[in-house]
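These are the residues of each chain, in order.
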Amino acid sequence: MNLKETNRSAAVVGAGMTLFASRLQETGKEMTWEAAKMALDQAGLTLADIDAVILGTAPDAFDGVHKKGEWLLDGAGGVGKPYMRVYTGGGTAVMAPIAGWWHVASGMYDKVLVLCEEKMSSVQPHAQSAFGHIWDPILDRPLKPNLVWIFSMEMQRYMHKYDVSYEDIASVAVKNKRNAVGHPCAQLADPDITLEDVINSEPMALPVRRLDISPPSDGASAVVIVRGDMAHDLTEIPVFIDGVGWCIDTTMWTNRDLAFPEFVVKAAKMAYDMAGIDNPKKEIDVAEPYDPFDYKEVQHLEALGLFEPGEAARATREGKTQRDGELPVCPSGGLLGVGNPIAATLGIKVGELFWQLSGQAGVRQVKKDIRTGVTQAWGDLMQFSSVLVMRRH
Amino acid sequence: MAEQTKEYRATLKPEGVRGKSIRKDELREVPHVTSRPNAKYAWAAGVAMSRFLDELKEGRIVGRKCRKCARVLVPPRMFCERCYRQTDEWVELPGTAVIETFAVSYLDTDANRIKEPILVGVVDLDGAPPHCGFMHYFDEMSPDEIHIGMPVEAVWKPKEERDGAITDIRYFRPRRK
Ligand SMILES: [Zn+2]
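Those sequence lines, one after another, are chains E and Y. Taking my numbering as reference, the numbering of the first sequence is continuous, increasing by one, and the terminal residue is 398. Taking my numbering as reference, the numbering of the second sequence is continuous, increasing by one, and the terminal residue is 300.
Simulated from the structure, these hints should not be mistaken for lab results. No incorrect hints appear here.
Stretch-level coverage of chain E by chain Y, calculated; a stretch enters the list once three of its residues show a Cβ under 8 Å from a Cβ in chain Y: (1) 117 to 131; (2) 255 to 264.
Computed cross-link-like contacts, DSS-like style, restricted to lysine-lysine with a CA-CA straight-line distance of at most 30 Å: (3) Y/K188 x E/K149; (4) Y/K300 x Y/K180; (5) Y/K282 x Y/K300; (6) E/K149 x Y/K180; (7) E/K271 x Y/K191; (8) Y/K188 x E/K166; (9) Y/K143 x E/K42; (10) Y/K163 x E/K72; (11) Y/K300 x Y/K188; (12) E/K34 x Y/K147; (13) Y/K280 x Y/K163; (14) Y/K191 x E/K274; (15) Y/K238 x E/K149; (16) Y/K300 x Y/K280; (17) Y/K143 x E/K34; (18) E/K72 x Y/K143; (19) Y/K163 x E/K149.
Chain E is faced by these chain Y residues, among others (derived, beta-carbon under 7 Å): (20) M172; (21) P198; (22) A226; (23) T232; (24) H254; (25) F257; (26) I271; (27) A288.
It should be emphasised that the depicted structure is a prediction, and the values quoted were computed from it without experimental measurement. Backbone N, C-alpha and C define an ideal beta-carbon position, used for all residues, glycine too.
Work out the full structure, taking the sequences as your base and the hints as a guide.
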């Protein structure tokens with residue numbers, strides 16, 4: 006790999022996102038258009054300025070249509086332009102902007118628009134009916150699985166191997182749902198939630214309880230990525246994409262080490278090497294790891310090298326990852342607080358780091374001076390991770 | 124840094140541009156259409172899995188050995204994805220295991236709530252290195268008894284009821300001495 010010799014730098018100059026809610030009246034196309042318009046407005050650009058468009062969206066089964074890329078095309082602003090769809094399950098949220106980055110860093114394009122959309126509420130009676138198609142048809146489906154099982158098994162294995170307490174993990178859900186208060190797009194913000202609320206919430210597939218899980222949602226998000234030397238002309242404080250990485254493990258999920266996601270370590274190493282980061286614990290000021298479940302946030306923080314394995318949950322309970330803590334984690338409110346419209350979580354990962362690092366996060370703004378952030382997403386059959394390092398130069 | 128009080132433009136959503144949430148019952152009152160796809164599939168099990176399923180019918184669990192990495196691949200495949208070479212031979216495993224991990228599920232496959240929890244997890248099969256196994260149910264144990272590392276054994280369907288499927292094993296139960 007040749008990580009330090011990409012053709013040129015790229016920066017985010019605008020971002021937008023719609024309300025996240027479990028059921029939105031708008032179609033996917035309408036939401037996509039809304040998010041794109043906000044990001045373009047913030048960058049002070051129009052669609053005519055955009056050279057290429059990348060659209061990220063997760064399973065076709067949510068919409069019951071094939072070729073969701075084409076299905077959403079008109080709303081995404083891709084008509085008459087180079088256009089492609091990116092799909093790596095939940096990992097799409099950070100993989101689509103990585104594709105946006107390489108469109109620019111390769112030297113091919115100057116300005117690209119990256120959109121991510123998800124409308125999970127069309128499928129009846131529940132998004133689970135679509136998730137069921139993720140499983141292996143021969144080995145897994147005859148056992149009539151529910152997707153929550155796999156997360157529960159992973160969480161159980163993680164707690165066992167590193168002797169992590171459920172209560173410490175549950176404190177992640179409390180933090181993120183509280184952080185989401187003040188996020189104008191949030192679905193599950195709760196200023197009054199307590200650890201007891203999470204611990205006593207309905208059992209789903211133990212150890213996973215209802216409040217350990219981010220909710221299915223509908224929404225769209227967008228970012229505008231431009232070549233680095235143009236960025237300062239478009240916005241006061243551009244945020245540069247200094248490192249990207251991604252990696253995938255085997256689809257044979259029962260053959261993996263479920264306690265520790267080595268593929269996240271590999272994706273992070275690629276991104277850190279590119280960004281010249283030797284010691285992430287010292288050099289990362291803010292993190293937006295993927296938090297579809299509370300245990301995933303701590304597992305990801307550890308794999309991102311920000312905590313030792315097994316230590317992130319206790320650190321969370323001790324307040325170290327609060328917005329005003331040593332390392333603010335998910336200041337957006339995350340998927341647990343804002344909502345989980347799979348690919349569209351772009352807005353609470355890359356979007357949030359853009360707003361945070363450029364000082365535009367409003368009531369969610371991290372107060373201390375932050376310069377370097379890492380964000381990460383996770384998906385496919387819990388085997389893929391995408392990582393992005395963002396910096397204010 | 125820009126001044127902290129400045130709201131970013133993206134939060135200032137003009138009326139009519141921001142999404143509007145609707146409840147499930149409200150959906151029935153707004154224009155919408157419904158349809159149910161009628162697609163059916165017949166998946167070939169493939170070279171490796173066909174043999175695996177045939178052996179299940181006989182009450183045996185088999186894997187494919189890769190001599191290079193010394194793994195016994197269960198679920199079996201004809202190639203090793205790590206070594207990226209053809210696997211070498213079929214190996215019969217004893218049908219005993221320990222619980223690698225588990226869940227106590229109050230959700231069925233469609234997310235309906237159920238009273239009696241399903242015990243389900245991953246078995247780490249004896250006779251193979253760690254992380255060689257598959258997902259299956261557990262029974263004849265309570266949610267309080269089940270734990271990681273618990274020795275278990277396969278409980279098979281009666282031979283005449285087996286049809287060459289993972290469900291030819293009914294579940295795994297605590298191993299009897
Ligand atoms: Zn091998």
